[in-house]
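Make one complex out of these two single chains by using the hints.
Here are the chains, one letter per residue:
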Amino acid sequence: MAGSNEVNANESKRVVPLNTWVLISNFKLAYNLLRRPDGTFNRDLAEFLDRKVPANSVPVEGVLSFDHVHRATGLLNRVYLPAPDGVSQWGFEEIDKPLSTTEAVPVILFFHGGSFSHSSANSAIYDTFCRRLVGLCKGAVVSVNYRRSPEHRYPCAYDDGWAALKWVKSRPWLMSGKDSKVHVYLAGDSSGGNIAHHVAVRAAEAEVEILGNILLHPLFGGQERTESEMRLDGKYFVRLEERDWYWRAYLPEGEDRNHPACNPFGPRGKSLKGLKFPKSLVVVAGLDLLQDWQLTYVEGLERNCQEVKLLYLKEATIGFYFLPNNEHFYCLMEEIKNFVKIDC
Amino acid sequence: MGPFDFAAAAAAASSSSSSSGSAPKHPPDLDGLLAGAGYKVRSSELHHVAQRLERLETAMVNSASHIPHLASDAVHYNPSDLASWVDSMLSELPHSSSLPSGFPDPYPTALGCGWLDPCAPQPHQNVVVPQQQQQQLTVVAALEEDSGIRLVHALMTCAESVQRGDSSLARSLVEEMQALLARVNTSCGIGKVAGYFIDALSRRLLGLGSAPAWTYENEVLYHHFYEACPYLKFAHFTANQAILEAFDGHDCVHVIDFNLMHGLQWPALIQALALRAGGPPLLRLTGIGPPSPDGRDTLRQIGLRLKELARSVNVQFTFRGVVASRLEDVKPWMLPVSPKEAVAVNSIMQLHKLLGSDPNRDPPIGSVLPWIRSLNPKIMTVVEQEASHNQTGFLDRFTEALYYYSTLFDSLEAACPVQPDKALAEMYLQREICNIVCCEGTARLERHEPLDKWRARLGEAGFTPLNLGSNAFKQASMLLTLFSAEGYSVEENEGCLTLGWHSRPLIAASAWQAVPSVVNSPTGVINPNDNNNQL
Numbered sequence: 001m002a003g004s005n006e007v008n009a010n011e012s013k014r015v016v017p018l019n020t021w022v023l024i025s026n027f028k029l030a031y032n033l034l035r036r037p038d039g040t041f042n043r044d045l046a047e048f049l050d051r052k053v054p055a056n057s058v059p060v061e062g063v064l065s066f067d068h069v070h071r072a073t074g075l076l077n078r079v080y081l082p083a084p085d086g087v088s089q090w091g092f093e094e095i096d097k098p099l100s101t102t103e104a105v106p107v108i109l110f111f112h113g114g115s116f117s118h119s120s121a122n123s124a125i126y127d128t129f130c131r132r133l134v135g136l137c138k139g140a141v142v143s144v145n146y147r148r149s150p151e152h153r154y155p156c157a158y159d160d161g162w163a164a165l166k167w168v169k170s171r172p173w174l175m176s177g178k179d180s181k182v183h184v185y186l187a188g189d190s191s192g193g194n195i196a197h198h199v200a201v202r203a204a205e206a207e208v209e210i211l212g213n214i215l216l217h218p219l220f221g222g223q224e225r226t227e228s229e230m231r232l233d234g235k236y237f238v239r240l241e242e243r244d245w246y247w248r249a250y251l252p253e254g255e256d257r258n259h260p261a262c263n264p265f266g267p268r269g270k271s272l273k274g275l276k277f278p279k280s281l282v283v284v285a286g287l288d289l290l291q292d293w294q295l296t297y298v299e300g301l302e303r304n305c306q307e308v309k310l311l312y313l314k315e316a317t318i319g320f321y322f323l324p325n326n327e328h329f330y331c332l333m334e335e336i337k338n339f340v341k342i343d344c
Numbered sequence: 001m002g003p004f005d006f007a008a009a010a011a012a013a014s015s016s017s018s019s020s021g022s023a024p025k026h027p028p029d030l031d032g033l034l035a036g037a038g039y040k041v042r043s044s045e046l047h048h049v050a051q052r053l054e055r056l057e058t059a060m061v062n063s064a065s066h067i068p069h070l071a072s073d074a075v076h077y078n079p080s081d082l083a084s085w086v087d088s089m090l091s092e093l094p095h096s097s098s099l100p101s102g103f104p105d106p107y108p109t110a111l112g113c114g115w116l117d118p119c120a121p122q123p124h125q126n127v128v129v130p131q132q133q134q135q136q137l138t139v140v141a142a143l144e145e146d147s148g149i150r151l152v153h154a155l156m157t158c159a160e161s162v163q164r165g166d167s168s169l170a171r172s173l174v175e176e177m178q179a180l181l182a183r184v185n186t187s188c189g190i191g192k193v194a195g196y197f198i199d200a201l202s203r204r205l206l207g208l209g210s211a212p213a214w215t216y217e218n219e220v221l222y223h224h225f226y227e228a229c230p231y232l233k234f235a236h237f238t239a240n241q242a243i244l245e246a247f248d249g250h251d252c253v254h255v256i257d258f259n260l261m262h263g264l265q266w267p268a269l270i271q272a273l274a275l276r277a278g279g280p281p282l283l284r285l286t287g288i289g290p291p292s293p294d295g296r297d298t299l300r301q302i303g304l305r306l307k308e309l310a311r312s313v314n315v316q317f318t319f320r321g322v323v324a325s326r327l328e329d330v331k332p333w334m335l336p337v338s339p340k341e342a343v344a345v346n347s348i349m350q351l352h353k354l355l356g357s358d359p360n361r362d363p364p365i366g367s368v369l370p371w372i373r374s375l376n377p378k379i380m381t382v383v384e385q386e387a388s389h390n391q392t393g394f395l396d397r398f399t400e401a402l403y404y405y406s407t408l409f410d411s412l413e414a415a416c417p418v419q420p421d422k423a424l425a426e427m428y429l430q431r432e433i434c435n436i437v438c439c440e441g442t443a444r445l446e447r448h449e450p451l452d453k454w455r456a457r458l459g460e461a462g463f464t465p466l467n468l469g470s471n472a473f474k475q476a477s478m479l480l481t482l483f484s485a486e487g488y489s490v491e492e493n494e495g496c497l498t499l500g501w502h503s504r505p506l507i508a509a510s511a512w513q514a515v516p517s518v519v520n521s522p523t524g525v526i527n528p529n530d531n532n533n534q535l
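In order, the protein sequence lines correspond to chains C and E. So the first sequence is numbered by the numbering used here: it starts at 1 and just counts up by one. So the second sequence is numbered by the numbering used here: it starts at 1 and just counts up by one.
Chain E extracted, bound-state conformation (with noise of 0.2 Å):
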């Protein structure tokens, strides 16, 4: 335990940035005072949701013993949406007095019906709600030692004068930090994530850019990390488990995982598969990775190990490997999907990648997006690290990078990981966060955005979420318990499931699918897999 108590990060609004002090504004039909409680209701539906939680009270009342299947068996989804919870629930429920939807309101529309008016036009009506996104971070760090204030102070500082520019200044404070870091507890706390910062700031003054990234070395590192905290098994199990639920009913299932490692995610989805009632689909697995340093084929290799797993479940399966050094290298007609197949896309951390970019091309996303979509998948499972490290400004980057990665550390210090996981673990972050501070343009590609941004840019891309349910929350938050320290918190996000150190959540999964494309074609078909459409 370190002799810190780091509330949170300090962090500088850059002059830049305009958007301190302002968050973004909801839509302007919601209630807003709803919205400041966490609930998405438009205003002129608030009669109708009224009306839905009257029926439902009502139900509840008349079949008392239905409670508990509610509660246990019922799943629910993205309580923010409160109309649509409370039809869920309603339709849950027998004799459910659900109105069809020709039904004449009894009530209507006119506010003040049965309802008290409010007492004045609500001041507050369009009441900013803090969004994560907007997480530009001022302030706090409530640190109870001189020398840990110190050195946050002289990292915000070096990070603003390499912001400006001014690298003699920021060399001397690179120095004035090495030495304050010997009167430092470099074993845990601030003083360890400073150390790696430090560090990185240092090499990007020497234009060292963040150390070369050999494949063998990442995947070792991510193994190691995999085991040290709950992180990457969160990411798997969530989609595992929105993956299982979309195959439902499809005899033949295709997951193309955009990064396989060494398959950790695919045991367990095979294992569940193969007790799937009704019996196990043929499974198909594409897995996507970088070519092997030594020449080896570690992907088929990987894929084999896999087929013999699902052989002694009698699991019908086969494998096919795509090497490619970047996602953005791989072309649609190297996964081919076969129209009666249902297809799983996985990117677990491999989207925000596709982000950067050089000045003479678009970020590369732009193209990925659509291709996935051209392939028609069932589900797009995303996990992305919920974190603002793509912002252009560098000490926004900065801050909000010191302040993730410390809690980050903080978390794995807490799940008290064995060595060598523990030491590999951290290695695999320093990674991360050399490659957010001393690279630009396309070598960097720890892009990390927040769900909010996420939830934007697939929206335009056309897909549509999927949420994930409470039965994915409570097996999530059970795993936690197995695996895991006191700290560690999953989330409801609308839809979405964040797992976090205490309050801060970390990482964001979600699931997606493609909405069917339209061509307006003469006979007015609908053609799913034309590339050519756009909506």
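Same shape as in the complex, but just chain C (with noise of 0.2 Å):
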């Protein structure tokens, strides 16, 4: 049990600045409480603590941003744009028509992490991070406020991902390039990743074209234990035993953590092979616990013949792209926007 017990705050002091630091031990204390022992969780207190900021139509530093609730389901997704050059002639733009005519313009359909529990598509920490990518890729970014556990298990998150992929490619005002359609990008980080991952299976057995996945730490995982779980347990801001909790939390009542949405690779898992999977650029930071399972998924994912790209950030911890304040997180920045360039 060593490492998780003892508070290892000089351990994670480190490697990350004070700011960050100050920010995600926060969150990791705030989320103590959250959870309870017997798997229920504090909703109240979580939609209480977490910072949340409104969407914003007017351009701030060139994005854009609005909600959209989907009648029926009540679905909200928050759509950002690039803001515009210059003013149309009565001061506002429509936003019927297509993001471009002449190129190919990247639309990144996002999913925020929080280990399926946490967060929401208005968390400050996340539209502020869908903001940068905007401005990055040149595109539009579509954030997915899904549904979360404990009150909706699986596959309520995936079901959410993929309403959300049918929403984005039927929007003429997301389509580009001379041959009209959305070019969709997934990403997510953690929970998100996972959930990538999960909705771009379904699109691919679908047919649903999606030309990359993002996938950033994300959440994956197994009955065994690996060996980067039990050395770094404790020590980076994640304790194993709160993995655990997120897993019974989001999977069917009764099931291990071999439940294919946890270990898409694993005993249960299913072939990918001869699926027109998008290729995926998978980030894995060096101090995440999580790195065996999800080094695992990348060499499961080339098992499958699929085109994969590992990004190893060997001194990173989790959530190192929350603030521009590392060389993790411009090293990231200049793989993503790499991996969006759409050749046309």
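Just so you know, not all the hints are guaranteed correct.
[To be verified] Computed list of lysine-lysine pairs in BS3-like fashion (alpha-carbon distance at most 25 Å, straight line):
1. E/Lys474 x C/Lys28
2. C/Lys13 x E/Lys474
3. C/Lys28 x C/Lys314
[As the list claims (entries may be wrong)] So these bits of chain C aren't anywhere near chain E, every CB distance computed over 12 Å:
4. Asp67
5. Val69
6. Tyr154
7. Arg202
8. Glu227
9. Arg243
10. Ala249
11. Glu255
12. Asn258
13. Ser271
14. Gly286
15. Val298
Read the hints as simulated data drawn from the structure, not as lab findings. These figures come from a predicted structure and were not determined experimentally. Where a beta carbon is used, it is the ideal one built from N, C-alpha and C, also for glycine.
Here it is, written out as structure tokens:
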């Protein structure tokens, strides 16, 4: 049990800037208050503590955002668009026009993290991140406010992701290029990365085109304990027993972590051979206790003859991409930018 | 369900607006990156906060059994103020190693001690964070149907021509829109709301102003609005919660209600006071309201009903009615308060009416806030529409209102209220729309301003915020599940609570206390009731 009951502030302090340490430690401690031992979640306190920001259709630093709520389901997507160049005659833009008629413009369908239980599309950290992505990729970003566990278990998050994908694919104002289609990439961090994978599988099976997957330390796992899980337990903001709690909260009751949602290339996983699965950029933080599972995921894609690039950031902890104050952040941004360049 | 996916209203940045594209920067000493994450921490305090977080973690590990207490019983306030949140957590735990103020700091404040230096001077240190008050909207009508798009386009164009003074174009557009309306579903969604706005534009162009508001009718409409959707219930509930807490330990309490209406807010407070541990206080209620057109003493009648209720639960209760057409007509001498009693001032959607002015005088709010302070209230509860409907530019105001009321009407639909609640609630809102669009000067009463503006205004007038906590939040959330449809959401906003539809806050509740006035008299005596004092 070494490390799991000790406070290892010293280790994590050495590898992140002070404000990052404050941010992630704050999340860690707040989240400790929210998980109950009986598997229920203090949703009210979670919503109270979560810092949210409204959408803003006034462009700020070149990005505007608005929320769309699907009337039938209540599913909310927050849309981020690059602000139009100049202002039209009457001072407003109609977004019934495509993003471009000549060039292909990437649309990133983003799934926020939070281990399936925390955060929302309008959480400040994710709103900020999505805005950055717009500036970086010169494209649109759609952030999905998927239903969370434990109130909504597997497969709700995947269903919501699939619904959002279909919605995005059918928006005329997200289309671009001479071929007039929506050029979609899926992206997500932590549980969002897991969702991106599963939505991509469903899309591939339904022959819905996705140009690429970007997975930022995606949440995968399995029944066995890996070397990295044991070595890094409790050392860099994350403890294994929390990870277990979130899987118990997300997976169907009674299931173990070899459920394919958690372990897509494990004993109950399925083959992706022959599927037109998108190319993947998998980002692994070297100080994330889940890295062995993420590396197993990369190997799984390779075994299934799918294109994958691994970006291994040795000194990075989870959440390194929230604040632009470290080299890993800039490295990641560069990789993402190149990954979504569409040859057209 | 309408055929439209009305994502957000179209709005136009007026050419005069210089702030489109910019947003307020934070005070220079706040860590800009954490601010972008929703946390206000001074850079100089970062180290201190980190220390406290470490201490909190140790304490939580050592007293793991107390975590449930922290989660369920402890009340959390204003999570944006990270430093005080962590400290409040620490103070809740037993054997908390809270540092006495003189304790030497084991971590010298030089940056980098123990923590990694950031890799580069943070280029986004003063990151600009979009704030709600800057919501002069540009764009965004994700309308799926042609006629819907044309309608919004026409509304914007019409409003723009009104702003420019081109009445003939505006009038022809109104005709065009009335024709368009015929082809659109006006029973819900954009069609319904557009109808009200077209109507209001038409009235404005005809010089009609908004329809005269008969007081009696207004109270009836208010009551049905109360029943049809959760906004007023939320307002009353949240304010009562704060007032109840402020009255804790006081034997004589006095509530001053700026707009009594049918007194809907007060039965719940009376009952809560009746059940108070240690017994109820002596309760005085002063209700302000306009004169009844038919000469009846409505205020007194409501007071009598409340007194009857109070008697039935053994709460000693006295009522006084103060008749005034406008809040600014109320003078402090009409509201005698005793120094022995705890005073709560309650303003549900009244303060914004004091922001209007004519060229000859300053807005009345400037004189009303000081007299509120002179009452030395223990608490002032303020609920206001969370919208920016007081902008000088007509187009900005119009489009903001279009977005706001569309969202509000959407939420009303979803709450599925029975008739006649629904129809009368819509009429209630239609009146607001009309006032915002048709009226100017002192006739324009619905001058809604967002939280940030109220914070600044009340701060300047000598009020400090009393944070509404997680207990109020939780109860408001529970109230919503009892009364309303999915889609309503309560959010915490730096000590205030908002209720909105999906992710758009529509109404904001806050609580305030008056900073005690200090008189520089020779004896240095602090005289909180001295009106002549200025801070």
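Each hint, compared with the structure:
1. A C-alpha spacing of about 22 Å is found between E/Lys474 and C/Lys28, which places the hinted pair at or below 25 Å, so the restraint holds.
2. For the hint pairing C/Lys13 with E/Lys474, the CA-to-CA distance comes to about 34 Å; that exceeds 25 Å, so the pair is violated.
3. As the CA atoms of C/Lys28 and C/Lys314 are separated by approximately 22 Å, the hinted pair is consistent with the 25 Å bound.
4. With 12 Å as the threshold on Cβ separation, the claim that C/Asp67 sits away from chain E is violated: the shortest Cβ distance comes to roughly 5 Å.
5. Residue placement check: C/Val69 does not keep its beta carbon more than 12 Å from all beta carbons of chain E (closest about 5 Å).
6. With a closest Cβ-Cβ approach of about 21 Å to chain E, C/Tyr154 is found to remain outside the 12 Å limit, as its non-interface label requires.
7. For C/Arg202, the non-interface assignment is confirmed: its Cβ lies about 23 Å from the closest Cβ of chain E, beyond the 12 Å cut-off.
8. Residue placement check: C/Glu227 keeps its beta carbon more than 12 Å from all beta carbons of chain E (closest about 25 Å).
9. A cut-off of 12 Å between C-beta atoms confirms that C/Arg243 is not in contact with chain E; the least separation is 18 Å.
10. The beta carbon of C/Ala249 sits about 16 Å from the closest Cβ of chain E, which is more than 12 Å, so the claim that it is off the interface holds.
11. With a cut of 12 Å on Cβ distances, C/Glu255 stays outside the contact zone with chain E, its closest approach being about 26 Å.
12. Here C/Asn258 stays apart from chain E, with its beta-carbon at least about 29 Å from theirs, past the 12 Å limit.
13. A cut-off of 12 Å between C-beta atoms confirms that C/Ser271 is not in contact with chain E; the least separation is 38 Å.
14. C/Gly286, annotated as away from the interface, keeps every beta carbon of chain E farther than 12 Å; the closest lies near 14 Å.
15. Distance to chain E confirms C/Val298 as a non-interface residue, since its nearest Cβ pair spans about 27 Å, more than 12 Å.
Checked against the numbered hints listed earlier, the structure breaks hints 2, 4 and 5; every other hint is satisfied.
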